[in-house]
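So you can see what is in the structure, the chains are spelled out below.
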Amino acid sequence: MKKTYLLISAGIIIVAIVGVMVSAPTGFFNPNQTTQQTQNVTRTLTIGTVNVVKTDNYVKDYYMGIFSACFILDPLARVDASGNIVPYLVNWTTSDSKVWRLTLIVDTKWHDGQRVTAEDVAFTIMYLKQKDPNYATHFQFVQSASALDNRTVEVTLSKEWNSFVVGLAATRLMPKHIWSSVAEPASYTGNDRNVGCGPFVYGGFDAASGTMTFLSNKDYWRGPPNVDKVILKMYTTTDAMLMALKKGDIAATYAYAKGIDPIYVPSLLEDKNVTMIILPNFGVDNSLWFNCMRYPYNMTEFRIAISYALEYSDYVNYISAGYAKTPTRGWIPDCWDYYVPKPKLMKNASYAGEILSSIGFLDRNGDGWREYPNGTDFNMRILARSDISESLKLAELVKRDLEKIGIRTQIVTADVSTFQTITQNTKDFDSAISRTTFWGMIMYAGAGTLYFDNRNMGWANVGDPVYHSVVDEIIKTANQTRVRELYAKLQDLYAENMYAIPLYWGKIIQPYRSDLVSGLVYDTMYGILGKDTWFSVVVK
Amino acid sequence: MEGLNDPAMRASLNTSFFIRKFVRYFTLVFTIIFLNFAMPRLMPGDPLLFLFGEEVYGAAIRNPELIQSLSAKYGLNKPIFDQFIIYLGNLFRGDLGYSFSYGRPIAEIIAERVPLTLLMTLPPTLLSLVTGAMLGLHLGFNPERAHKKAISSLLMVLYSVPPYWMAIVAILVFSLWFNLTPIGGAPSPGMSIITGVSHMILPFSVIALFNAAYVAIIMRGLTLEIAEEPFIITAKSKGLSYIKFKIRHLFIPSLAPFLSIAAIELGFTFSGALLVEIAFSWPGMGYTMWQAVVERDYPLLQATFTMTALIVVLANALADLASYAIDPRIRLRENGRN
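Sequence lines, in order, name chains Y and F. Our numbering numbers the first residue of the first sequence as 1 and each following residue consecutively. Our numbering numbers the first residue of the second sequence as 1 and each following residue consecutively.
FYI, nobody ran anything at the bench for these hints, they're computed from the structure. Hints may be right or wrong, so weigh each one.
[What the hints assert, rightly or not] Distance windows between CB atoms, simulated: (1) F:Arg93 / Y:Asn191: 56 to 66 Å; (2) Y:His177 / F:Asn90: 34 to 44 Å; (3) F:Arg41 / Y:Gln410: 24 to 34 Å; (4) F:Met39 / Y:Tyr318: 34 to 44 Å; (5) Y:Asp96 / F:Gly94: 31 to 41 Å; (6) Y:Thr238 / F:Glu65: 37 to 47 Å; (7) F:Gln68 / Y:Ala478: 49 to 59 Å; (8) Y:Ala81 / F:Glu65: 34 to 44 Å; (9) Y:Gln410 / F:Glu65: 54 to 64 Å.
Cβ coordinates follow ideal geometry from the N, Cα and C atoms, glycine included.
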């Protein structure tokens, strides 16, 4: 008996001693300390992210594509603070929206010393169209792209298409001398695969420790960045990333197209060194999307009735911790410069009930639930993302509100793949809750048309000919004044028809440690990793 | 039963046992391979979604030429039966295929992830098997003693705590508050040994604690059952030393079920510990499988699930053989079926 005790005790003691021996010195060797020591020699910025890269090929890996656009490559065009697409490497002109002339406006070199020319621009457009499924859509109407001289490229489209410039903002310039001989870019593993012309040179990826390194490009055309080395540290959970921020292992956090969930803010505010950049979100944080091709969601009166049943202030307070506002009926967030003021959404349950009753949705059998006009049971299904807790919480609140006006509601959960397949492809849903991204807002004809029009992604499955005609005219119209008028018309249609109900307009919350870094600039498209940050950032 | 003393009879019975087991495991392996092929395809969700990204997918699926060419490229345009035959053929040639989402051969991905996974799961699993067995054995004999009751309750608490939560609390306490360990990431070749080990301490401890609690609870139960047997009274009356008594009369009779547990535990070390891997940002097999599910990467799903299942089956087969070899009761039971 005693021997067994002794054996167990000895085992525990040995494990404990080994643990202490190994753990104790770690404090002296932790990444934070190493970073600070290195900073004496180089200005190193460590940023945490939950966007985990699987393979460092930017054609294949979505997040590698994002990080390469932020660090090692330059885009042809960029998005300004108001959401407009403006020149970066190239400027453009067109007289008929079919033939576009792109002009290189900067003189720059690839990281391997070769000069960037118009040949690279023409090559990139045609190569991506042929080889990358994403660009097959961005450049679907491109017929040809050819260099007229060292600085000019002529692109011919098969139809008038003003959204061509959106494709330019999505395009990261690729070196022709490297990629022209690569038949399968998605599986290319050559050492030169990450040669670009951006402000940083690729420094390598360690998948095990989840770190990716970028070194400053001293020859960058805007001058050398203010930081010599950037280390991206990847975390698989936001909890771990924010603990690393509090600990000082990382100077800032990053998540593409979004900030952090507002529920984390109170805990972060307890740390005096953690500061937040808080900006309006250009995407609509969450909307209730109706399948406008399915009865009764194809009835405008039905959708309007639902819009009066919802308690918007609860979504602002419970889902966004107050970092949001109640939207207007026009759906488009008020941070867009083409925003047109519309009446604010508000709850009026009795009015919602009156509308439903007027279109025949009544509780005929007295069980507390409204039936279809023909007397059969009515059940509204809400599709929500099972992998986004905020989406599920929101669905519960919407269900609560709908049940208060007698609509029996069922929440159907689906992971990202199933959700997108249902909403974009099979269309077998009644309603769905989901957010839009900034990028999605500017794609197609802009103003969120991507999410509405049933000829495209069309979560709302809108097949209304009036809506389609406005979208078609925007796509063909080069005159920006007319485009503004058409965007105003779209907002009228959103408000009158309620194809989707915006549940709240949220904010982007970007935390960073003010004792480790300052001068971060928030870019509409790439957040704090946008190009301007590298010329104003100060590593402390 | 007298025939069991005849060597020729015994050899014949052994052969019969091995054939029965082989047929059973072969059927099991084939079923696993079939299910691993079929189940991902039964899941709703389009595997092409992640080739486009969600904003582009809607337009892309309305372009039939593009969809056809991509389906052909990834072999998704062939009839399901043809896909299964191709998959079987490749599997028997040792070709695990090509991952949609990584754009790399799956064998390469597995070769990269398995060592990291084993580094995280194997040492704590081995330790937990040994300590859990010892502790369970101790707690199962004379269980009414107060300190044994208290330890048993503590084990139940430990086993009830979700490992993910335990991992997050461990990070909070040891990484954030006491600054003793890094917050996440696996060791990598460029690191010093001390830094590398510091990355392992917390995942090691969480897995070891959780598994040891589980093994100890099971072992305690087995010991409680055996302690009721009449031969225990005889053994006690022989006046054996405490250790000898426990090993010979308590541990060895419970070795067969313990081996089954150990086989499953060791088999699953290859598949990683998904939630612990996520908590510690550890890019192991569990995390890879989870990503493959989310992204509907059929080839990667098939390969990782099949490999895990095969290893668990192999470990179980070995445990079966070992139990047959060491436990005469099992030999009697198995051969009695004939």
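Hints versus structure:
The supplied range of 56 to 66 Å is broken by arginine 93 of chain F and asparagine 191 of chain Y, whose beta-carbon atoms lie about 30 Å from each other. Taking the beta carbon of each, histidine 177 of chain Y and asparagine 90 of chain F are about 36 Å apart, inside 34 to 44 Å as hinted. At roughly 27 Å, the beta carbons of arginine 41 of chain F and glutamine 410 of chain Y sit within the given window of 24 to 34 Å. Hint check: methionine 39 of chain F to tyrosine 318 of chain Y, Cβ distance near 37 Å, so the stated range 34 to 44 Å holds.
Under the hint 31 to 41 Å, the C-beta atoms of aspartate 96 of chain Y and glycine 94 of chain F, about 58 Å apart, miss the expected range. Checked against the hint of 37 to 47 Å, the pair threonine 238 of chain Y and glutamate 65 of chain F passes, with Cβ atoms roughly 40 Å apart. With their beta carbons about 34 Å apart, glutamine 68 of chain F and alanine 478 of chain Y fall outside the hinted range of 49 to 59 Å. Roughly 39 Å separates the CB atoms of alanine 81 of chain Y and glutamate 65 of chain F, a value that falls within the hinted 34 to 44 Å.
Separated by about 38 Å at the C-beta atoms, glutamine 410 of chain Y and glutamate 65 of chain F break the suggested range of 54 to 64 Å.
Hints 1, 5, 7, 9, counting from the list given before, are not met by this structure.
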